[in-house]
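Asker: With the sequences and hints as input, model every part of the structure.
The lines below spell out each chain.
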Amino acid sequence: MSLIEAHALEKRYGTVRAVYDVTFRVEPGEIVALLGRNGAGKTTTIELLLGLRAPDAGSASIRGHAPTTRNARVHVGAMPQHTGFPDGLRVSELLALAAAHYPTPVAAKEILATFDLTELADKRVGELSGGQQRRVALALAFVGNPSVVMLDEPSTGLDVEARRALWEQIRHAADETRCVLFTTHYLEEAEALATRIIVIDGGELRFDGAPRAFRERFGACRLEYIGAPLVHLVPEGATSRTPDGRTVVTTDDTDAYVRALVASATPFSNLRITQSSFEEVFLDLVGGNRS
Amino acid sequence: MNLTLLRAHVAAILRDLMRTPSFLIPTVLFPTMFFLIFAMTYAHTGSGAANFLVCSYVGFAMIGVTLFQFGVGVAVERGRPWERYLRALPVSVATRFAARVVVALIFGMASAGLVALTARLLTPVSLDAAQWGMLALFAVIGAIPFVLIGLAIAYWVAPRGALPVTNVLYLLGLFVGGFWMPPQFLPSIAAAISPFTPTRQYGELLWSVAQPHDAFHAGVVLALYAIAFAAIAIVGYRRDERTRYA
Chain A
1 MSLIEAHALE
11 KRYGTVRAVY
21 DVTFRVEPGE
31 IVALLGRNGA
41 GKTTTIELLL
51 GLRAPDAGSA
61 SIRGHAPTTR
71 NARVHVGAMP
81 QHTGFPDGLR
91 VSELLALAAA
101 HYPTPVAAKE
111 ILATFDLTEL
121 ADKRVGELSG
131 GQQRRVALAL
141 AFVGNPSVVM
151 LDEPSTGLDV
161 EARRALWEQI
171 RHAADETRCV
181 LFTTHYLEEA
191 EALATRIIVI
201 DGGELRFDGA
211 PRAFRERFGA
221 CRLEYIGAPL
231 VHLVPEGATS
241 RTPDGRTVVT
251 TDDTDAYVRA
261 LVASATPFSN
271 LRITQSSFEE
281 VFLDLVGGNR
291 S
Chain B
1 MNLTLLRAHV
11 AAILRDLMRT
21 PSFLIPTVLF
31 PTMFFLIFAM
41 TYAHTGSGAA
51 NFLVCSYVGF
61 AMIGVTLFQF
71 GVGVAVERGR
81 PWERYLRALP
91 VSVATRFAAR
101 VVVALIFGMA
111 SAGLVALTAR
121 LLTPVSLDAA
131 QWGMLALFAV
141 IGAIPFVLIG
151 LAIAYWVAPR
161 GALPVTNVLY
171 LLGLFVGGFW
181 MPPQFLPSIA
191 AAISPFTPTR
201 QYGELLWSVA
211 QPHDAFHAGV
221 VLALYAIAFA
231 AIAIVGYRRD
241 ERTRYA
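Chains as they are written, first to last, in the numbering used here: chain A, 1 to 291; chain B, 1 to 246.
These are computed hints drawn from the structure, not numbers from a lab.
It is possible that part of the hints are untrue.
As the list claims (entries may be wrong) - Here are the simulated SDA-like cross-link-like pairs (lysine to any residue), alpha carbons at most 25 Å apart as the crow flies:
1. A/K123 / A/A107
2. A/K123 / A/S147
3. A/K109 / B/V10
4. A/K123 / B/R84
5. A/K109 / A/A165
6. A/K109 / B/P90
7. A/K109 / B/W82
8. A/K123 / A/E161
9. A/K123 / B/R15
10. A/K109 / A/T69
11. A/K123 / B/L5
12. A/K123 / A/G157
13. A/K123 / B/V93
14. A/K123 / A/V106
15. A/K123 / B/I25
To be verified - Derived, one-sided and incomplete: chain B residues facing chain A with beta-carbon distance under 7 Å:
16. T20
17. F38
18. L89
19. P90
20. V93
21. D128
22. R242
Ideal Cβ placement from N, Cα and C applies to all residues, glycine included.
Answerer: If you want it as structure tokens, here you go:
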């Protein structure tokens, strides 16, 4: 039985289709990034899986149970996108409140240490910085020792250093017995953390697979040089010219292009071959430039 | 209902509110403060007056706690992201609601208890143990409609509007209900409206402890108010659920 199962999930807000026909499963040990632009349907998908919203069609389950049931919820730890903690509570008290809901929570000392909160245990959450509050929110998701952890944009609003520290903590807290599903619109975050990527755009699932497969399937090599393009070798639109006279070619077979370029005796210089960045691949995919 | 979770939620809400002076001071201290400022002179005219006033200010305390705990408290919290986190936890809505009721009872008893203690120490109040017990019982049971009025406000008024709306209803209700001056001294318009208000009926119930008279009518009217506002609150709650979580 999968830890998370979404089957043909669909959700509309009035005339807006937020999620449409989304199907996937998440197994133990996986760290899955739900990747998409703002408004792509990521948060709605998480809310459907958490039982915070009811689907218009399709179904979701956590370890075989409907997400709204106690049987499902005792296995789920969640980190909402926004927290809005009760300001008067201390960090340790907030964690104790969350821990009280689970049968086998993580010991207070351990959870504080894991998320670098030991020094802040007696501080009121209202006195914490934004980054510290995100760490507390992350600790709340893991304190129940759940087998399913769902994080909604865990690093939003954090600076680069704090974001990287947060990734490290998520990596450390994730293990083979549980799965972590997180939403993000940071491609770097998805690439750094996830063992699997699910791309959602316009509410529809556009890709589901390993980060490497994502790049291999949709990514291509880019070849740049000063000189004229060999337009007959690549599909229309795969070549372009920059204002400074450089030719940019996107192709899956750079070797063949270079061989043809040399054989054609076309004058060229400053040849450079690069791989499409993760971001370029993503933009190509959600922009609909590739299928 | 899971008592461990109930205890955990009660402890969390209590701690949070105890550390919020803007809630704690008005809720717990204002009724006693107002009693000392406005009621002491009249209370010293005799034990009858002191008994009447202590009943009034106990009611004043209970109405304040219930209206603000449920009206403002729930209204503000239903819009907070923290509420979404709590909803994703394995805890029933009933347990969380019960926790709020327990906390309101604790603050209500603290606030009303302080009024009673002050009256006992500083005025010629002459209620016997049975009357004190009856006063506590009526204060709690009679406050149920105000819990429901609070919830109706919470689910029908926007979070930002809940505080001013509750304040206006609270102050007007206390005045028209005869809590700040005996009903017979109210201006004519207020006196005409007074019998139809839940605060006046709550007052009648409480005053029946000090000046024995038949409180059955007051109890029935309060029960009808409770039913009416429960219906309004339930419709508002369902509307809010559809908007936020459907």
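Asker: Does the structure break any of the earlier hints, and which numbers would those be?
Answerer: 2, 10, 13, 17, 20, 21 and 22
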